[in-house]
Amino acid sequence: MNNDTEKRRRFESLAREYATDLYRFGLWLCGNDALAKDLVQETFLRAWKAIGSLKDDGAAKSWLITILRREYARTFERKVPRFTDIDEVMVEDSDELSPDERMERTQLRAGILSLAPRYREPLLLQVVMGYSCREIAQELELKEGAVLTQLFRAREQLKNKLQLDDET
Amino acid sequence: MNRSEFEQSLGAEPRDTARRYREEGDTDTGRDRAVAAAEAFEDRLELALRLPVDESTLLDTVLATPNTTRPSRPPAWLGIAASVVLLLGLGALAWWRLSPTESVADYVQEHYRHDGAGVLARAGQTTDPADVTTVLTRLGAGADPRLASDITFIKFCPTPDGRGAHMVMRTDDGPVTVIFMPKVTVAEPMLLRFDGVEAQVVALDAGSAAIIGAGGEAASVLSTRLREGLKPLPVDA
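Chains as they are written, first to last, in the numbering used here: chain A, 1 to 168; chain B, 1 to 237.
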């Protein structure tokens with residue numbers, strides 16, 4: 001198998017395994033569908049160029065996440081994108097929900113978007129990307145204790161928001 | 001682990017904490033209840049975060065990425081070398097301009113064969129106008145509101161020179177595919193026929209566009225609308 005074919009095979013394998021999760025992660029980070037797709041495409045563009053430097057495919061997820069987060073930071077340096085309501089840009093959920101469940105999910109999504117980035121990002125890394133606390137700490141360059149606190153507070157804020165919404 | 005530590009751990013790592021608690025085999029009604037509540041919340045959180053994704057379109061775009069490779073910013077020393085080869089480059093450009101049509105024609109044909117039918121099938125969906133603006137802005141272009149409101153689908157796609165946009169536009173004669181190529185210039189319009197489809201490649205102020213699947217008159221009307229309504233953004237925008 002020649003180098004180009006092998007490079008393409010590795011690239012496609014990474015794309016199939018991680019593109020969807022990266023897109024979800026990007027969408028929750030920036031709140032904009034088109035920008036999230038662009039972030040993912042930029043991430044894979046950089047991955048394609050540098051795939052030779054990825055020695056261990058087991059490290060691919062954190063490698064891609066790091067690329068995406070850097071590209072996201074660069075985007076913010078250029079301009080602040082417009083935030084939108086996630087539910088406006090997404091197709092309908094395919095699972096059948098009662099009106100109460102639908103409302104609660106909408107409230108939860110609004111709550112996630114309203115979390116401060118220092119709470120939202122660790123939560124996304126944990127729940128969307130399946131990171132452990134140690135991996136989150138490495139990615140965000142924080143101490144594990146700080147990550148645990150942020151994850152705890154993120155969930156507390158979401159639970160409080162749901163309770164508040166129920167009361168009003 | 002005392003009760004407070006347990007609750008902290010459950011709030012930060014609910015899945016792991018619940019698993020460890022079960023493995024330890026402790027029985028504590030209060031902790032059982034806390035674990036059940038935390039897991040129920042986690043189920044709801046995971047479902048809320050798992051936004052539905054059009055995986056096919058996303059994967060198409062990502063897998064096309066290697067073909068969209070854009071030149072990266074060259075290091076400063078390359079500027080000197082670049083000036084040395086400038087004259088050679090001009091010669092090459094002159095040669096290229098004699099036969100640019102073949103590569104654009106091949107690209108339009110191959111791209112439409114690869115992706116055209118699938119995208120057109122999604123023409124019934126409506127795209128958020130904000131997404132149209134975002135995609136076009138990233139490509140250095142802007143559309144007037146009327147033109148933008150007729151774009152029913154848009155996504156990034158590769159072109160012979162950098163990225164472009166694969167769009168479906170609403171017209172009086174039905175949906176029409178338009179491939180916007182912001183960095184591809186054509187000296188004069190091209191008429192292509194392949195697979196029973198007619199395509200026109202026309203020059204715009206912002207690069208060029210391939211109009212695919214519209215008849216002669218409809219294509220002409222649409223090309224005028226694109227020329228008038230799709231403009232390059234000011235450099236500082």
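Honestly, the hints are just simulated from the structure, not real lab data.
Hints are not guaranteed to be accurate.
To be verified - Not close to chain B: a few residues of chain A, all C-beta gaps over 12 Å, as computed:
1. 41
2. 51
3. 55
4. 56
5. 69
Stated by the list, open to error - In silico DMTMM-like pairs for lysine to aspartate or glutamate, Cα to Cα no more than 25 Å straight-line:
6. A:49 <-> B:55
7. A:143 <-> B:28
8. A:159 <-> B:28
To be verified - Looking from chain A toward chain B, a few residues come up when the C-beta cut is under 10 Å (computed):
9. 5
10. 8
11. 12
12. 20
13. 42
14. 104
15. 114
16. 117
17. 133
18. 151
Glycine included, every Cβ here is placed at the ideal spot set by N, Cα and C.
Each hint tested on the structure:
1. Look at residue 41 (chain A): its CB is around 6 Å from the nearest CB on chain B, not clear of 12 Å, so calling it non-interface is violated.
2. A Cβ of chain B approaches the Cβ of residue 51 (chain A) within 12 Å, the least distance being about 10 Å, so the stated non-interface status is violated.
3. Every beta carbon of chain B lies more than 12 Å from that of residue 55 (chain A), the smallest distance being close to 20 Å; the non-interface claim holds.
4. With a least beta-carbon separation of about 21 Å from chain B, residue 56 (chain A) lies farther than 12 Å from that chain, consistent with its non-interface assignment.
5. Chain B leaves residue 69 (chain A) outside its interface by the beta-carbon criterion, the shortest separation being 17 Å against a cut-off of 12 Å.
6. Restraint check for residue 49 (chain A) and residue 55 (chain B): satisfied, since their Cα atoms lie roughly 23 Å apart, inside the 25 Å limit.
7. With a C-alpha separation of about 31 Å, the suggested pairing of residue 143 (chain A) with residue 28 (chain B) is violated against the 25 Å cut-off.
8. At roughly 23 Å between alpha-carbon atoms, residue 159 (chain A) and residue 28 (chain B) fall within 25 Å of each other, so this suggested pair holds.
9. A cut of 10 Å between beta carbons decides the hint on residue 5 (chain A): the least distance to chain B is about 12 Å, and the hint is violated.
10. Nearest Cβ of chain B to the Cβ of residue 8 (chain A): about 7 Å, under the 10 Å cut. The hint holds.
11. Nearest Cβ of chain B to the Cβ of residue 12 (chain A): about 6 Å, under the 10 Å cut. The hint holds.
12. Interface hint at residue 20 (chain A): satisfied, since its Cβ lies 5 Å from the closest Cβ of chain B, which is below the 10 Å cut-off.
13. Proximity of residue 42 (chain A) to chain B holds as hinted, the smallest CB-CB distance being about 9 Å (cut-off 10 Å).
14. Interface hint at residue 104 (chain A): satisfied, since its Cβ lies 7 Å from the closest Cβ of chain B, which is below the 10 Å cut-off.
15. Hint status for residue 114 (chain A): violated, given a least beta-carbon distance of 13 Å to chain B, over 10 Å.
16. For residue 117 (chain A), the interface hint is violated, the least distance from its beta-carbon to any beta-carbon of chain B being 16 Å, above 10 Å.
17. Interface hint at residue 133 (chain A): satisfied, since its Cβ lies 6 Å from the closest Cβ of chain B, which is below the 10 Å cut-off.
18. Because the smallest distance between the Cβ of residue 151 (chain A) and any Cβ of chain B comes to about 4 Å, under 10 Å, the interface hint for this residue holds.
In terms of the numbered hints stated before, the structure departs from hints 1, 2, 7, 9, 15, 16, listed from lowest to highest.
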